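A.B. asks: The sequence shown begins at 2 in my numbering and counts up by one.
Rather than coming from a laboratory, the hints here were simulated on the basis of the structure.
Treat the hints with care, as some may be off.
List time: in silico DMTMM-like cross-link candidates among lysine to aspartate or glutamate, alpha-carbon distance up to 20 Å [unchecked claim]: (1) K49 x D32; (2) K13 x D32; (3) K68 x E58; (4) K21 x D64; (5) K13 x D61; (6) K45 x E58; (7) K13 x D64; (8) K74 x D32; (9) K45 x D61; (10) K44 x E58; (11) K21 x D61; (12) K44 x D61; (13) K44 x E34; (14) K21 x D32; (15) K44 x E27; (16) K74 x E98; (17) K31 x D61; (18) K28 x E58; (19) K74 x D61; (20) K31 x E58; (21) K68 x E97; (22) K45 x E27; (23) K68 x D32; (24) K74 x E34; (25) K28 x D64; (26) K49 x E27; (27) K44 x D32; (28) K65 x E98; (29) K68 x E98; (30) K13 x E58; (31) K31 x D64; (32) K74 x D64; (33) K45 x E34; (34) K44 x D64; (35) K49 x E34.
Computed beta-carbon distance windows for the label pairs [claimed, not checked]: (36) E88 x Y17: 32 to 38 Å; (37) K85 x Y62: 24 to 30 Å; (38) R91 x D32: 24 to 30 Å; (39) P82 x K49: 23 to 29 Å; (40) K65 x F103: 31 to 37 Å.
Because the structure is a prediction, the values reported are computed rather than measured.
Don't be surprised by glycine CBs; every beta carbon is placed ideally from N, CA and C.
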Amino acid sequence: MAKKKKKANKPKPSHYPNLKTILMVEKAFKDSETGLLTVAQLKKALPKQVNHNTLIEVLDYLDKSNKIAIGVKGMLWIHNPSLKFQEALRKASTYEEILAKFNR
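Working from the sequences, and respecting the hints, build out all of it.
C.D. replies: Below, the structure is given as structure tokens:
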């Protein structure tokens with residue numbers, strides 16, 4: 002009988018973010034002048050001190066909900082709630098459609 006492989010579980014965080022913390026981090030991203038922030042710059046931009054593990058959980062949530070993009074040089078706020086922008090994205094062609102038009 003084959004043994005079942007155990008999944009590597011992510012350690013349970015000791016601090017969970019509340020809504021106030023998430024909104025505070027979102028505001029810091031929106032108010033940043035450069036747009037691109039590192040974790041250290043984000044911590045300095047926050048009006049209150051946030052536990053590092055809690056901040057990482059908030060950043061993970063914002064990344065999964067497509068509100069920020071995380072890259073090698075830092076994080077960038079990418080969420081745009083504009084209805085016109087969302088409609089333009091819906092109407093936009095895919096890369097394959099664009100290639101098909103040129104290869105006719």
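A.B. asks: Confirm or reject each hint.
C.D. replies: Verification of the supplied hints:
{"no.": "1", "hint": "K49 x D32", "verdict": "holds (15 Å)"}
{"no.": "2", "hint": "K13 x D32", "verdict": "violated (31 Å)"}
{"no.": "3", "hint": "K68 x E58", "verdict": "holds (14 Å)"}
{"no.": "4", "hint": "K21 x D64", "verdict": "holds (18 Å)"}
{"no.": "5", "hint": "K13 x D61", "verdict": "holds (14 Å)"}
{"no.": "6", "hint": "K45 x E58", "verdict": "holds (18 Å)"}
{"no.": "7", "hint": "K13 x D64", "verdict": "holds (19 Å)"}
{"no.": "8", "hint": "K74 x D32", "verdict": "holds (19 Å)"}
{"no.": "9", "hint": "K45 x D61", "verdict": "holds (19 Å)"}
{"no.": "10", "hint": "K44 x E58", "verdict": "holds (14 Å)"}
{"no.": "11", "hint": "K21 x D61", "verdict": "holds (16 Å)"}
{"no.": "12", "hint": "K44 x D61", "verdict": "holds (15 Å)"}
{"no.": "13", "hint": "K44 x E34", "verdict": "holds (15 Å)"}
{"no.": "14", "hint": "K21 x D32", "verdict": "holds (16 Å)"}
{"no.": "15", "hint": "K44 x E27", "verdict": "holds (12 Å)"}
{"no.": "16", "hint": "K74 x E98", "verdict": "violated (32 Å)"}
{"no.": "17", "hint": "K31 x D61", "verdict": "holds (17 Å)"}
{"no.": "18", "hint": "K28 x E58", "verdict": "holds (16 Å)"}
{"no.": "19", "hint": "K74 x D61", "verdict": "holds (17 Å)"}
{"no.": "20", "hint": "K31 x E58", "verdict": "holds (19 Å)"}
{"no.": "21", "hint": "K68 x E97", "verdict": "violated (26 Å)"}
{"no.": "22", "hint": "K45 x E27", "verdict": "holds (14 Å)"}
{"no.": "23", "hint": "K68 x D32", "verdict": "holds (14 Å)"}
{"no.": "24", "hint": "K74 x E34", "verdict": "holds (16 Å)"}
{"no.": "25", "hint": "K28 x D64", "verdict": "holds (15 Å)"}
{"no.": "26", "hint": "K49 x E27", "verdict": "holds (13 Å)"}
{"no.": "27", "hint": "K44 x D32", "verdict": "holds (13 Å)"}
{"no.": "28", "hint": "K65 x E98", "verdict": "violated (27 Å)"}
{"no.": "29", "hint": "K68 x E98", "verdict": "violated (26 Å)"}
{"no.": "30", "hint": "K13 x E58", "verdict": "holds (11 Å)"}
{"no.": "31", "hint": "K31 x D64", "verdict": "holds (15 Å)"}
{"no.": "32", "hint": "K74 x D64", "verdict": "holds (15 Å)"}
{"no.": "33", "hint": "K45 x E34", "verdict": "holds (13 Å)"}
{"no.": "34", "hint": "K44 x D64", "verdict": "holds (17 Å)"}
{"no.": "35", "hint": "K49 x E34", "verdict": "holds (19 Å)"}
{"no.": "36", "hint": "E88 x Y17: 32 to 38 Å", "verdict": "holds (35 Å)"}
{"no.": "37", "hint": "K85 x Y62: 24 to 30 Å", "verdict": "holds (26 Å)"}
{"no.": "38", "hint": "R91 x D32: 24 to 30 Å", "verdict": "holds (29 Å)"}
{"no.": "39", "hint": "P82 x K49: 23 to 29 Å", "verdict": "holds (25 Å)"}
{"no.": "40", "hint": "K65 x F103: 31 to 37 Å", "verdict": "holds (35 Å)"}
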